[in-house]
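*Asks:* Protein sequences, first through last, are from chains A and B. Terminal number for the first sequence in full-length UniProt numbering: 343, no gaps in between. Terminal number for the second sequence in full-length UniProt numbering: 226, no gaps in between.
Please keep in mind that the hints were generated in silico from the structure rather than gathered at the bench. Glycine included, C-beta positions come from ideal geometry on N, C-alpha and C. Warning: the hint list may mix true and false statements.
Under 10 Å between C-beta atoms, here's a sample of chain A residues computed to sit facing chain B [unchecked claim]:
1. Thr89
2. Leu155
3. Pro159
4. Gly160
5. Gly289
6. Asp292
7. Glu323
8. Thr324
Chain residues, written in single-letter form:
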Amino acid sequence: MPLPGRHVPGAGPGDGLGGFPSGGFAPAGPGPGIPARPTVPPIVPAAPPWQRLTVGEPGPEFEARPPVGPFAYDCPDTECDGWSTPQLTVRFASVRGAKHRYYRQPRQDAARAAVHEPTGSTVFAVADGVSSASHAELGAAEACRAAVRRMLSLLSRQPGPLDLREVAQHAAARLCELARRDTGGREPGPGEVADRYATTLVFGVAYPDSTGCAVDIGRIGDSGAWLLDLAGGTYRALFETKTGSDSTVVSNEVHPLPEVPDPLPYAGVRPVPGQAVLIGTDGFGDPLGDGDGPVGALFARNLGAAEPPSPPWLAHLLDFSKETFDDDRTLLALWPRSGAAAP
Amino acid sequence: MAEPRGVLLPAYVLADESGSMAPYQEDLSGGLVSLCEGLRAEPMVSAKLRLTVLGFSDDVRVRMEMADMRSATRLPEVGIRGLTDYRAVFDDLLQRIPHDVRRLRAEGYKVHRPVVFFLSDGQPTDGGAWRRPHGTLTDKAQTPTAPNIVACGIGDADASTMVEVATRKEFAFVAKSGTDIGQAVAEFFHALTASLVASGRSLNAGDPQLVVNRPDQFTMAIDEVG
Chain A
1 MPLPGRHVPG AGPGDGLGGF PSGGFAPAGP GPGIPARPTV PPIVPAAPPW
51 QRLTVGEPGP EFEARPPVGP FAYDCPDTEC DGWSTPQLTV RFASVRGAKH
101 RYYRQPRQDA ARAAVHEPTG STVFAVADGV SSASHAELGA AEACRAAVRR
151 MLSLLSRQPG PLDLREVAQH AAARLCELAR RDTGGREPGP GEVADRYATT
201 LVFGVAYPDS TGCAVDIGRI GDSGAWLLDL AGGTYRALFE TKTGSDSTVV
251 SNEVHPLPEV PDPLPYAGVR PVPGQAVLIG TDGFGDPLGD GDGPVGALFA
301 RNLGAAEPPS PPWLAHLLDF SKETFDDDRT LLALWPRSGA AAP
Chain B
1 MAEPRGVLLP AYVLADESGS MAPYQEDLSG GLVSLCEGLR AEPMVSAKLR
51 LTVLGFSDDV RVRMEMADMR SATRLPEVGI RGLTDYRAVF DDLLQRIPHD
101 VRRLRAEGYK VHRPVVFFLS DGQPTDGGAW RRPHGTLTDK AQTPTAPNIV
151 ACGIGDADAS TMVEVATRKE FAFVAKSGTD IGQAVAEFFH ALTASLVASG
201 RSLNAGDPQL VVNRPDQFTM AIDEVG
């Protein structure tokens with residue numbers, strides 16, 4: 001089926017899909033006893049196809065190459081999701097970077113979010129598999145799954161604030177389990193787990209309460225979180241950032257899972273309507289910098305629109321082209337809803 | 001810092017142009033051509049590099065400066081002359097690298113720790129005078145832009161000297177005994193190109209890494225010293 005907006009050879013003037021070529025024959029009517037199909041107005045391909053956005057100097061354009069690897073089929077180029085609870089609107093998207101599209105590697109970022117129905121809390125996780133790990137894409141996906149699953153389970157036992165470090169340890173233990181499976185049951189050393197599944201992880205819970213919601217976030221590695229003021233378009237980093245600092249050269253020190261720092265880096269925020277909490281991998285954070293340039297403006301404008309963007313549009317935004325920034329990008333955003341508070 | 005324009009890796013190739021390299025001038029030139037062509041074939045990697053080629057003997061001469069290999073139109077040319085003055089190299093880098101990093105930052109780029117690929121066919125002719133500027137250059141407390149140095153020795157270059165020049169013992173290599181020097185030069189540039197491409201591919205990932213490939217026909221210098 002041709003895509004809306006593409007030229008359909010032979011289509012009559014004004015015809016969209018479902019139209020008939022000028023001078024052609026109309027089909028015969030339905031047979032006896034078969035109700036006639038209602039007349040459907042032709043779909044006019046008015047919306048132009050989405051052109052890839054560029055910010056500053058674009059990177060090279062090319063058709064993506066298929067990823068290789070035993071589980072690459074399980075890591076689609078792009079993922080997105082979104083929904084709203086009475087208190088929050090959630091959107092996330094994760095896109096494969098140009099580097100991985102060119103060099104035939106799967107997307108190594110992941111994101112997951114879920115609602116804990118009994119409490120109305122929203123749990124979320126974003127991960128960036130460390131590219132030197134042999135199964136980085138599995139490490140990232142599994143860390144997200146394990147963290148989300150654990151948070152849901154803990155909330156069922158105790159709705160109060162969760163022990164985020166315990167959640168991180170659970171995710172680390174899950175990566176160790178995967179490595180143990182690989183080594184045929186032998187207990188792998190921390191180095192062996194990291195060599196296979198090392199990943200960053202930013203995760204947390206948004207708890208609804210009588211005045212809105214409180215968001216607790218834990219971090220391992222260099223993925224980030226920000227509080228975006230939607231009207232002013234300003235970003236406040238909730239954790240130290242590697243490109244936001246004024247260090248002379250970029251730090252390349254990463255301490256990913258299965259390492260779990262003690263204490264766990266933690267941020268707590270209480271977003272109000274007019275703000276959004278953003279969780280992102282460095283594929284988003286590095287080009288964003290302090291958020292005071294064109295990338296910051298692009299996201300502030302789109303995330304600050306009257307309605308949150310649709311999940312596919314967020315993925316489209318995230319896939320912007322900017323020279324030298326070719327890593328996978330993942331962004332999860334939470335908007336508190338106006339006038340919404342838990343009963 | 002404001003939104004970065006990009007994140008770059010400044011890379012420096014130090015080629016020995018002392019008189020003893022005269023028989024291998026064509027190999028040196030050919031190696032530089034293959035390096036430039038190899039990088040031009042990888043535009044996504046080249047976009048993240050700025051390549052400087054310096055020839056050294058009694059002094060240091062600029063053969064290519066902070067080039068974006070996607071748009072560079074001139075190939076570097078070497079000129080054989082003089083002795084093997086390591087001090088001239090490290091005095092030069094001590095000024096050049098901080099200046100280059102400042103320039104890139106002023107242009108709006110963030111910068112990865114620079115990398116130096118050092119190729120020499122002989123022992124330093126300045127005695128131990130090179131050790132002082134080398135020490136300052138590689139001390140991150142004194143020089144925040146201190147580079148990683150990969151040292152490759154061919155011909156009369158001594159393994160223990162290469163270990164001293166390199167910033168990590170795994171970054172020091174010497175050509176195997178009896179290896180043809182012309183071939184060793186070609187292998188150096190082949191490994192250099194592969195190292196830069198692999199390092200460039202890892203940049204802007206969560207864990208950017210300097211990837212150093214051992215040239216064929218070379219051994220790790222520490223093995224020779226040990």
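*Asks:* It remains to establish, for every hint, whether it holds in the given structure.
*Replies:* Here is how each hint holds up against the structure:
no.	hint	verdict
1	Thr89	violated, 26 Å
2	Leu155	violated, 29 Å
3	Pro159	violated, 34 Å
4	Gly160	violated, 33 Å
5	Gly289	holds, 4 Å
6	Asp292	holds, 5 Å
7	Glu323	holds, 6 Å
8	Thr324	holds, 4 Å
Checked against the numbered hints given earlier, this structure breaks hints 1, 2, 3, 4; the rest are met.
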